[in-house]
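Undergrad: Below, each chain spelled out in residue letters.
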Amino acid sequence: MSNIAVSIAQLLYSGRMSEENSVEALLEEARLAAAMPPPEERLRLREAAGFSRAHIAATVGVGRQTIANWESGATDPTPPARLPYLRILKGLAEIYPPPAAHGDPVAALFTQQPSGPAPAPAEATAPVPATFTGLETLRGPDGRAIEGDPGPCVQCGVETTYQSTDGRPLHSGALCQPATSTPPAPDPAATAPIPAPVAPAPASAPAAPVRVSPVPSPVPNRPQRRAKSADRAQAELAALISRAVQEEAERAGGDEDAALQALIKRAIPDVMHLFDETRATARYDYTAYPALPDILKKPSKKDPDQIWEARPRFHHPGYSLKAPGSVQVTALDVNAAYLSALKVWLPIGKLEHTNGGDGVGPKRSGVHLITPALWIHDHLPNPLGDRDEPGALWVTDATLRLLLRLSGPKYGLTEAPEVHESWTSGATENFLDALRKLLGAAREEAIAAGDTLTLEYIKAMYSKFISTMGESIHNREMVRPDWMHNIHSQAYANLWGKAYKAHQAGLKVIAMMGTDELHVTGDWRQVFPEGRGVSQMKVKHGDGKASGEYTVGVAL
Amino acid sequence: MAGRWMDFGQYGAKGAPGAEALGTAIESMVTGIASPVDSERGLAARLRYLTATDAGYEAMDRAGIHVSPRTLMAWLAEERSPNRANLGRLDAAYWDLRRRNVAADIKRRLHNDGRGTRVEINPVNQSAVDRKHQRDLSTRSVNVRDLDLWDRAVDAWMDDDLEELDAVWDEIIEDLGSDYDAYSNVSSIGWAA
Numbered sequence: 001m002s003n004i005a006v007s008i009a010q011l012l013y014s015g016r017m018s019e020e021n022s023v024e025a026l027l028e029e030a031r032l033a034a035a036m037p038p039p040e041e042r043l044r045l046r047e048a049a050g051f052s053r054a055h056i057a058a059t060v061g062v063g064r065q066t067i068a069n070w071e072s073g074a075t076d077p078t079p080p081a082r083l084p085y086l087r088i089l090k091g092l093a094e095i096y097p098p099p100a101a102h103g104d105p106v107a108a109l110f111t112q113q114p115s116g117p118a119p120a121p122a123e124a125t126a127p128v129p130a131t132f133t134g135l136e137t138l139r140g141p142d143g144r145a146i147e148g149d150p151g152p153c154v155q156c157g158v159e160t161t162y163q164s165t166d167g168r169p170l171h172s173g174a175l176c177q178p179a180t181s182t183p184p185a186p187d188p189a190a191t192a193p194i195p196a197p198v199a200p201a202p203a204s205a206p207a208a209p210v211r212v213s214p215v216p217s218p219v220p221n222r223p224q225r226r227a228k229s230a231d232r233a234q235a236e237l238a239a240l241i242s243r244a245v246q247e248e249a250e251r252a253g254g255d256e257d258a259a260l261q262a263l264i265k266r267a268i269p270d271v272m273h274l275f276d277e278t279r280a281t282a283r284y285d286y287t288a289y290p291a292l293p294d295i296l297k298k299p300s301k302k303d304p305d306q307i308w309e310a311r312p313r314f315h316h317p318g319y320s321l322k323a324p325g326s327v328q329v330t331a332l333d334v335n336a337a338y339l340s341a342l343k344v345w346l347p348i349g350k351l352e353h354t355n356g357g358d359g360v361g362p363k364r365s366g367v368h369l370i371t372p373a374l375w376i377h378d379h380l381p382n383p384l385g386d387r388d389e390p391g392a393l394w395v396t397d398a399t400l401r402l403l404l405r406l407s408g409p410k411y412g413l414t415e416a417p418e419v420h421e422s423w424t425s426g427a428t429e430n431f432l433d434a435l436r437k438l439l440g441a442a443r444e445e446a447i448a449a450g451d452t453l454t455l456e457y458i459k460a461m462y463s464k465f466i467s468t469m470g471e472s473i474h475n476r477e478m479v480r481p482d483w484m485h486n487i488h489s490q491a492y493a494n495l496w497g498k499a500y501k502a503h504q505a506g507l508k509v510i511a512m513m514g515t516d517e518l519h520v521t522g523d524w525r526q527v528f529p530e531g532r533g534v535s536q537m538k539v540k541h542g543d544g545k546a547s548g549e550y551t552v553g554v555a556l
Numbered sequence: 557m558a559g560r561w562m563d564f565g566q567y568g569a570k571g572a573p574g575a576e577a578l579g580t581a582i583e584s585m586v587t588g589i590a591s592p593v594d595s596e597r598g599l600a601a602r603l604r605y606l607t608a609t610d611a612g613y614e615a616m617d618r619a620g621i622h623v624s625p626r627t628l629m630a631w632l633a634e635e636r637s638p639n640r641a642n643l644g645r646l647d648a649a650y651w652d653l654r655r656r657n658v659a660a661d662i663k664r665r666l667h668n669d670g671r672g673t674r675v676e677i678n679p680v681n682q683s684a685v686d687r688k689h690q691r692d693l694s695t696r697s698v699n700v701r702d703l704d705l706w707d708r709a710v711d712a713w714m715d716d717d718l719e720e721l722d723a724v725w726d727e728i729i730e731d732l733g734s735d736y737d738a739y740s741n742v743s744s745i746g747w748a749a
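These protein sequence lines are chains P and R, in that order. If you read the first sequence in this note's numbering, its first letter stands for residue 1, the second for the next number, and so on. If you read the second sequence in this note's numbering, its first letter stands for residue 557, the second for the next number, and so on.
In case anyone wonders, no lab produced these hints; they're calculated from the structure. Glycine included, every Cβ here is placed at the ideal spot set by N, Cα and C.
Taking CB as the label site, the calculated pair distances span:
(1) R:S637 / P:Y284: 51 to 59 Å
(2) P:V534 / R:D594: 44 to 52 Å
(3) R:K688 / P:A392: 32 to 40 Å
(4) P:E389 / R:G644: 29 to 37 Å
(5) P:E250 / R:G644: 51 to 59 Å
(6) R:D707 / P:Y284: 33 to 41 Å
(7) P:E277 / R:G733: 24 to 32 Å
(8) R:R674 / P:K298: 23 to 31 Å
(9) P:A392 / R:S637: 38 to 46 Å
(10) P:V534 / R:S584: 32 to 40 Å
The task is simple: from the sequences and hints, build the whole structure.
TA: The structure is reproduced here in structure tokens:
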């Protein structure tokens, strides 16, 4: 410590040249000290050269006994004599390597870098061994390094998540300092001017290749997930959900109803927090309080705005509950329909007005004023829901996308609607996707564990998130009625898709209602997997006549 | 108003002065009787609110309702109903009183336990402006921690004092940095409180 202080003082009062020298000397001393040979070796080197202790002591400027102490291990060399002493030892080690030729040379002790900082000074610097220059960092198509499982770097041994092209761990760009590789690829004659009985050092030259594992690990055949931290972030958020349930369950002291009440009460702030967390490091910043066009403003608290969400209420005209008959119908239920509908194209910024079809595009979303074409298929639900009035209406982008799909060559079910004007903004489909995945995974887990408390909590979170993201006094974090409408419509569009799938498989669609109800005839298990997962369907049981499995007659 | 944006709207930019947006945003925090005054339920609720306290009578006074106690009793008993002009005045009196009463709550919500409230500022709508005249504006947000500023804003909103609101808005957008002036007009602002 005092030595450093002295050196710094020297730095302050000396010229630039000596400044550099002092720094060099300090660093060199540090390097040498880090690889100091053990006491026996100190003794051996001095005796090999035939120097007396007094001679060495006079050279480095200490007493004879001090050298004796250093060689017996009673004390260790200390500054200021340490640097010259170690220099002498280093030089001797190069001249007199240890007798066992195959053992690693003492030189290695000196040149071995403390696995870290400073590059070797000029005299000790060795070029990066050629063996390593062949290693390239594994990069994805965008040119960025790809992270994988952490492992010790083949070059420096420090753990890294980056990889080389052959799949072994390697620091990004191979910029790390090779750890044990510096034995100065020795032409002994060059480093040691005194011709001396030099043992050939076979161990030092091929040292580098040995360190590389002879069996390259398998090369990943496709780019691996780069954002390793995304998984971790998701795990942390999932922990938030289970912690909330745990907290409320404990607070309620075993009363499950009370715990559920408390959880439902905190569902909105909790889901907004989850949403914010999933938006961390996101690419787009959404507008939470955009200026809204009049069509999206509610004239009063109870009156709706002008957007038609295309909520279905379809009953097949050919069948009736009232008519006597024996057509078997099963009422089916889509699981977590609104959760799935979070995957939808949502406008990012504030909505902008365009005339004609200018606002329609794959990367835009919002609401559109359209005149739909006539729907002529009585046996299939109208994708626009049970609309009675003719003429133009404002629909969401999700509904328009469905209509355009159905008018395309693949379906050919209807004419394309005429778009008059639009309020749209640039859109992305992934806005709520992280939240959807998070809640979906937690839901799946809760179902597998039979955890109704968590299940109800998650249900409250996503349903309240959607229902309060517009104008609501219960959630003031955002005012995006356009999002709410688009998500609702997407849920209806998804349901329409299921109805169409059943129809294509030969089932008859008897009814399609609400967000998630589909009544079909025939063996629906051939078409839809049964279960509680988001991609599965289950039989809907309810109080009404038309629930579970029931029969209808052919209407006259 | 900070005013280097000389002739606002000359090239087709659309927006409102920040002071107005500030008033609108505070206004949106007020809740009250949802039923309209011309419904039986809405009228009864307003009359009950206005006749419960002295402040209610003062509010009716300010709104220009000068009727005899007998008439007022008849309204309350639903024996007679106010004429159209008085219905309008009753509605005005109700919202006037309601604003005064919720002002304290609004201030408390905006203070947010001393942390202040984060304001999202959406710039003016430039979609009708030629590209060469467009300014490069993005949505900004600024955390207003100065609680005194919120008090002044709410008081000014209550008194319909647009000048004071304007002064408050100028102080809010000062925190935006060198282009604060471009936000003296906005398309909308909002906050979670």
